[in-house]
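**Q** With chain A held as given, fit chain B onto it using these hints.
Note that the protein sequences, when read in sequence, are chains A and B. Going by our numbering, the residue at position 182 of the first sequence is 182; the numbering climbs one at a time, nothing skipped. Basically our numbering = 1-based index in the second sequence + 409.
Hints listed in this document are in silico derivations from the structure and should not be mistaken for laboratory results. One or more hints might be untrue.
Negatives, chain A to chain B, calculated, CB over 12 Å [claimed, not checked]:
(1) Glu67
(2) Glu124
(3) Gly128
(4) Asn272
(5) Asn337
(6) Ser348
(7) Cys350
(8) Glu367
Covered stretches of chain B (chain A as the covering partner; in silico rule of three or more C-beta atoms under 8 Å from a C-beta of chain A) [unchecked claim]:
(9) 528–541
(10) 544–558
(11) 697–708
To give an idea of the chain B side of the interface with chain A (calculated C-beta under 8 Å), a few residues [claimed, not checked]:
(12) Gly435
(13) Ile436
(14) Ser713
(15) Ile720
(16) Asp721
Bear in mind that the values here come from a model prediction, so they are computed numbers and not experimental data. Idealized CB from N, CA, C, for every residue including glycine.
Protein chains: 2
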Amino acid sequence: MVKVAILGFGTVGQGVAEVLSMNAEGIAARSGTEITVKYILDIRDFPESPFADRVIHDFDIIANDPEVEIVVETIGGQRFAYPYTVKALSAGKSVITSNKELVAERGEELLALARANGVNYLFEAAVGGGIPLIRPLMQCLSANEVTDITGILNGTTNYILTRMKTAGVSFADALKEAQANGYAEADPTADIEGHDACRKICILADLSYGHKISPAAVYTEGITGLSAQDMHFADQAGYAVKLLGRVQRRADGRVNILVAPHLVPGDRMIANVNDVFNGISVRGNAVDEVVFYGRGAGKLPTASAVVADVIDAAKNRGIDRSARWVDDAPDFANNANDMIYRHYVRLSGCTALQVTKQFPDAVLVSESAQCVEFTTAPEKTGEVLAKLDMLSAEGAHRQSLLRILDEMN
Amino acid sequence: MVKVAILGFGTVGQGVAEVLSMNAEGIAARSGTEITVKYILDIRDFPESPFADRVIHDFDIIANDPEVEIVVETIGGQRFAYPYTVKALSAGKSVITSNKELVAERGEELLALARANGVNYLFEAAVGGGIPLIRPLMQCLSANEVTDITGILNGTTNYILTRMKTAGVSFADALKEAQANGYAEADPTADIEGHDACRKICILADLSYGHKISPAAVYTEGITGLSAQDMHFADQAGYAVKLLGRVQRRADGRVNILVAPHLVPGDRMIANVNDVFNGISVRGNAVDEVVFYGRGAGKLPTASAVVADVIDAAKNRGIDRSARWVDDAPDFANNANDMIYRHYVRLSGCTALQVTKQFPDAVLVSESAQCVEFTTAPEKTGEVLAKLDMLSAEGAHRQSLLRILDEMN
Numbered sequence: 001m002v003k004v005a006i007l008g009f010g011t012v013g014q015g016v017a018e019v020l021s022m023n024a025e026g027i028a029a030r031s032g033t034e035i036t037v038k039y040i041l042d043i044r045d046f047p048e049s050p051f052a053d054r055v056i057h058d059f060d061i062i063a064n065d066p067e068v069e070i071v072v073e074t075i076g077g078q079r080f081a082y083p084y085t086v087k088a089l090s091a092g093k094s095v096i097t098s099n100k101e102l103v104a105e106r107g108e109e110l111l112a113l114a115r116a117n118g119v120n121y122l123f124e125a126a127v128g129g130g131i132p133l134i135r136p137l138m139q140c141l142s143a144n145e146v147t148d149i150t151g152i153l154n155g156t157t158n159y160i161l162t163r164m165k166t167a168g169v170s171f172a173d174a175l176k177e178a179q180a181n182g183y184a185e186a187d188p189t190a191d192i193e194g195h196d197a198c199r200k201i202c203i204l205a206d207l208s209y210g211h212k213i214s215p216a217a218v219y220t221e222g223i224t225g226l227s228a229q230d231m232h233f234a235d236q237a238g239y240a241v242k243l244l245g246r247v248q249r250r251a252d253g254r255v256n257i258l259v260a261p262h263l264v265p266g267d268r269m270i271a272n273v274n275d276v277f278n279g280i281s282v283r284g285n286a287v288d289e290v291v292f293y294g295r296g297a298g299k300l301p302t303a304s305a306v307v308a309d310v311i312d313a314a315k316n317r318g319i320d321r322s323a324r325w326v327d328d329a330p331d332f333a334n335n336a337n338d339m340i341y342r343h344y345v346r347l348s349g350c351t352a353l354q355v356t357k358q359f360p361d362a363v364l365v366s367e368s369a370q371c372v373e374f375t376t377a378p379e380k381t382g383e384v385l386a387k388l389d390m391l392s393a394e395g396a397h398r399q400s401l402l403r404i405l406d407e408m409n
Numbered sequence: 410m411v412k413v414a415i416l417g418f419g420t421v422g423q424g425v426a427e428v429l430s431m432n433a434e435g436i437a438a439r440s441g442t443e444i445t446v447k448y449i450l451d452i453r454d455f456p457e458s459p460f461a462d463r464v465i466h467d468f469d470i471i472a473n474d475p476e477v478e479i480v481v482e483t484i485g486g487q488r489f490a491y492p493y494t495v496k497a498l499s500a501g502k503s504v505i506t507s508n509k510e511l512v513a514e515r516g517e518e519l520l521a522l523a524r525a526n527g528v529n530y531l532f533e534a535a536v537g538g539g540i541p542l543i544r545p546l547m548q549c550l551s552a553n554e555v556t557d558i559t560g561i562l563n564g565t566t567n568y569i570l571t572r573m574k575t576a577g578v579s580f581a582d583a584l585k586e587a588q589a590n591g592y593a594e595a596d597p598t599a600d601i602e603g604h605d606a607c608r609k610i611c612i613l614a615d616l617s618y619g620h621k622i623s624p625a626a627v628y629t630e631g632i633t634g635l636s637a638q639d640m641h642f643a644d645q646a647g648y649a650v651k652l653l654g655r656v657q658r659r660a661d662g663r664v665n666i667l668v669a670p671h672l673v674p675g676d677r678m679i680a681n682v683n684d685v686f687n688g689i690s691v692r693g694n695a696v697d698e699v700v701f702y703g704r705g706a707g708k709l710p711t712a713s714a715v716v717a718d719v720i721d722a723a724k725n726r727g728i729d730r731s732a733r734w735v736d737d738a739p740d741f742a743n744n745a746n747d748m749i750y751r752h753y754v755r756l757s758g759c760t761a762l763q764v765t766k767q768f769p770d771a772v773l774v775s776e777s778a779q780c781v782e783f784t785t786a787p788e789k790t791g792e793v794l795a796k797l798d799m800l801s802a803e804g805a806h807r808q809s810l811l812r813i814l815d816e817m818n
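Isolated chain A, as found in the complex (with noise of 0.2 Å):
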């Protein structure tokens, strides 16, 4: 018998007691031991819940019962989350999140004390939801080389994209109904503007490469900018635009990193990703390329891989279970801009004669009287930034510059 404690009894926590109670069975039979709540920690009672007679409101009763070996943390943030689950890690018991923010500000040093303490501190839910992707990456994918990590990571502004394209609605409109729906918060943020795909990159990047990068360092472009334009030349040339995090590797042994939206052919398999749905392409130097496929977030399918995890860590008490990246090193991620890719340009207030004297090998799309449409041959954004500034001292007005990921990104 493993006995667990949730921290916030929020969505996904009260996803987890849900999954460890409907599934009780196949989980004791998995995990070779049953599998029960003990505490619930929240600010408030739950009198209608199930589980409202495990509701406790002080943390110190969990972090002082030795009774309690896994403690699952899903409050979210690091005001509470970060101090909880030190102590808890500090008190041997193992810690499973679905925290993106905590794992990828302060995973590094989480891990290490696990370590110290011989528990683990398992994160499959922070990133990509209920898609198996972490321990893929860790393990299946081991005997590899990852060259490449491109994925849908968030699933609201995939959501938004999708509307637009397929209904015709502004950016405005179909973060309205995102909101509506449930899938985007009062306070969208974090997700339109792509801080929280960048979470998500980071610590896919973490994993594969062994070194810590700070999101705060990572170019990070969300999808307000997107226009009617944007997706109308996209749907004419086979493309879908989508939010993309991405991480490269460099010859030099360091990676470039970047959240920006994209223009994907439509034959890519994550081009045909819609919806609230994530797709992670991870390709490595013997595999090629793999797809990862499901739901990024919800109650279900996000406690899907926190009691996953929590399987784990009960069945392998005692055996290091966890992640691992050595260091936090400042230069490792590359400035965005050196990346290389064809470009959508549109430009207002030049020609396309102008265009042409600064970008040679532009294939033109489209000029009128209101603007000029452009793609660029391939070269780094960084040089396609400079050109535009000679442009832009010449009068034009960028309206849209988006990357386009060809079979050679």
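**A** Same frame as chain A, now just chain B:
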């Protein structure tokens, strides 16, 4: 330092040696120990190979060398692979394999033997080649009751179907192309008749439900009967034709299982799995649907999965990392004709009027002097077959019967 012996130096065996060599540094870092190939067993010599000095012809040298802790079996088939695997496990060596035939036919026995000897029998590469699948199913989805697995499990047939669709070539011509490109063997029976896919869906079912299902007991229909008219209907109606292995949990605790060509709606992820790629959809009662995609065969992709197992065994000596299936339950797998589908049917020698008498809810697709095409309402395949028997007694001749993978399936 962990020493490995490779049995069978064909495509996959060579890939394993190559991956262990090319990624040696990263593999050592991730395993916590260096992994080297001590012996390669084959009846042939390989004087040109960089591994020529390790080739031997006598299995007993391996069985009797206590330095060899891990044996990689990439012989295939059962004749040599089975006795060698038994001897290696009995000698206290973990065995890693990509041999789906051996796992499907004797996995239960070999897992028990491994367990009795305190070693591991691992076979991630046996299903889905390089795609992380077995370990995610066993570990990451362990909080779920698996309700359905639906997979494109054979790359050869998927290549043929892709060519039939995109190039409009006949089955016979597409098969010739596949053979010319090295995607199909000289004797393609195991692929095109569905036996390879059948072994794989049996392994996935065994793992998910804990009972051995014998491939011989599974309804298995290949793709040799597919015609240009089938592809035409699929195209018109927005379906892709895919050879699917499926296993589905029934309310009575048993499973329905089959291998057959299906019509897959274009918006399903697996409809977009083309060429030699594999794609496997798994549904669980918490996670909903997850899909795994990648190369289901090939030298380095398959070796990627084999070497991941080697790393797992090397890292976890003395720890049970193997899958578990419980017993041989002859009545566990049910009749595939119990599965409920909409069906696509094409008949000659009868009229639409005759069809609607037997199938009052049918949707007529076309009627001509040559044939009547229609789709049925959702019902058991067995019931459809019974009605077709009635029509057959009236002189109708069945040209085609295809299952439609609706969202309800």
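**Q** If a hint holds in the structure, say so; if it doesn't, say that too.
**A** Evaluated hints:
1. Glu67: Consistent with the label, Glu67 (chain A) stays out of reach of chain B, its closest Cβ about 22 Å off (over 12 Å).
2. Glu124: With a cut-off of 12 Å, Glu124 (chain A) comes too close to chain B, as the shortest Cβ separation is near 6 Å.
3. Gly128: violated, 9 Å
4. Asn272: violated, 5 Å
5. Asn337: Since the minimum Cβ distance to chain B is about 28 Å, Asn337 (chain A) lies beyond 12 Å and the statement holds.
6. Ser348: At roughly 36 Å from the nearest Cβ of chain B, Ser348 (chain A) sits farther out than 12 Å, so the non-interface label holds.
7. Cys350: About 39 Å separates Cys350 (chain A) from the closest Cβ of chain B, which puts it past 12 Å; holds.
8. Glu367: holds, 34 Å
9. 528–541: holds (count 4)
10. 544–558: Our answer is that it holds, as 9 residues pass the Cβ test (under 8 Å) against chain A, meeting three.
11. 697–708: holds (count 9)
12. Gly435: At about 6 Å, which falls below the 8 Å cut-off, the nearest Cβ of chain A leaves the hint on Gly435 (chain B) intact, so it holds.
13. Ile436: holds, 6 Å
14. Ser713: Hint on Ser713 (chain B): holds, closest Cβ of chain A at ~4 Å, below 8 Å.
15. Ile720: holds, 5 Å
16. Asp721: Asp721 (chain B) check passes; min Cβ-Cβ to chain A is 6 Å, inside 8 Å.
Going through the hint list in order, the structure does not satisfy hints 2, 3, 4.
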